[in-house]
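S.K.: Below are the chains, spelled out letter by letter.
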Amino acid sequence: MRKVVAIILASAFFAVLLVSFSNIQQADYGEKEYYYQNPINGSYANESVPSHYISNTKNETGAVNAVTAIVVEYRGFDTLGEVTVLFTAATGVSFLLYKTRGGKKRTEANLILKEGSKLVLPFILLTGAYIFIHGHLTPGGGFPGGAVIASGFLLMMLSYPKFFMKEKAVSVTESMAGITFAFIGLLGLVFASSFLQNFLPLGDAGYVLSAGIIPIIYIAIGFKVGSELSSIADKLKEVQK
Amino acid sequence: MIELTIISWIMAFLVIGAAIYAIETKDLISAAIAAGVASLVVSIMFLVLQAPDVAITEASIGAGLTMAIFVYAIGRTGRWEE
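Protein chains in written order, with our numbering: chain A, 153 to 393; chain B, 31 to 112.
Okay, chain B solo, but in the shape it has when bound (with noise of 0.2 Å):
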């Protein structure tokens, strides 16, 4: 049985934060590292939640690739949100 513990609390506010962060800013490379690091923290819980397989998965699909193809195509555009 998976107990709640402080440190679930945490991440489980860390991911809000991060998501809502990646919503609101203006900044476009801010919000692609905010979604990159709430991939990051997404993939810890999935592994504390007994789902290795996934984990490996979102920590390196969710926080590597996307945030960097993100950032080249943000490169390609414009940074900041109009």
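For reference, chain A alone in the conformation it holds in the complex (with noise of 0.2 Å):
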């Protein structure tokens, strides 16, 4: 009986979205700007703001993946609302799962795995590190660098049962890039006119200095992302028993 009401319900969820996005117009991915009706009152809301991003973000932020400059530029007070989610949920899971060091002991992985996650490693950190400091050139970002980072140091811990983080160094570094974030904000607001406004000069584009604050909150946003992934992983393998 459950199973009936859930089918019922999904296709009928289905059937809805299909319906809403069926008046997108068929348009080359990213090429054409497509005009999408609202279902509700049957306006055409915001049909000039993809196009505009499509058309001004270089000229305008100076960034050459208009991507990154929308969760930066355009957009950045919703990425400190989520870089603050991650926090809160960080902050959640060290809480819940805060429990003395040890349990049960483990046994060690082999020496193949011991010796070559050692080898990969440097590169795991090069490759995060490149992710998030070419953010506002190369696909990529602060969030998928930081994962990147999180997850090389996800293959130390399973490959040493006795690898932790420095719960100091990773607080200190967590703290330290949010109030960089919000500092710079702040910055924003006193030499331009709003919060998070860029103050810095935009520079050629397509250099790695360029687009003004854009890099400098990518490789903050890396480094809390990084430091707060590895921290929910340290937290989790600490209580395993």
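Treat the hints loosely; a few may be bogus.
[What the hints assert, rightly or not] Among the chain B residues that face chain A by a calculated CB cut under 8 Å, a handful are: (1) PRO82; (2) ILE86; (3) THR87; (4) ILE91; (5) GLY94; (6) ALA98; (7) ILE99; (8) TYR102.
Note that these hints are calculated values from the structure, not bench results.
A virtual CB, placed ideally from N, CA and C, is assigned to each residue, including glycine.
Mind assembling these two chains? They're in different frames, but the hints should get you there.
M.R.: What follows is the structure in structure tokens.
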């Protein structure tokens, strides 16, 4: 009975989605602007926003990667909220799983995994740093870069049972990155007109040192996300019995 | 214009199959691995649909970290669903 109800609800939901998105005209991905009719009142709201982003991003922000420009520059305040959500989640996990270290002795990993992960770890960290430093030039940014760094530490945790993150270093990194993000936003309030507005010169588009505050904010987000995610993994590992 | 080639169809059925398996199986470790496979294939689909930013995020978070965190949490509770 429950399964039947679930199937009916799922198909109804799918039908609603199908009807509401069927108004999108056949367009090439990312090449034409499309018109999206609001299913509630029938208006064509926001039809100019995508085309504005596509045609003006490079001149207004100096970033080659339009996705990064939208995430950090146009919608920077949302990103601050997103980082706060992640911070709250990490804090909640460490509160819930607080326990003394140790627990049951785990079996040692074999030699190939141990030495191999030692060999691979610097390259994983380098890739993560590359992803968030070049966030305004190539696909990627603070969130995936931080996740790549955290997965490198996760590899170390899997191969060495006694590998723990240094709690103090993690929390200092995380808070410094958060403070940097908020402080740059406040500097935007001082030197420009609004919170998180760009106040640095844009530079030549396509270079690492360009696009104003975007690289600084994305480096801060990368450090913050990396330390938060690795502290979540570390906390989950600590309490394992 | 993106055409639905045969590879796209294979990927779509792989995603749906992995998702259904993750729901239906009683072994939670297999369910976590099936969810990881689903998000890995979804990240390839994002790449095909010209969204490399989303693809990188999905591959690193969905297929990597989430699966590891699930496995840790399952190790803390029980492996089999009742």
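S.K.: Going through the earlier hints one by one, which of them does the structure break, listed in rising order?
M.R.: none
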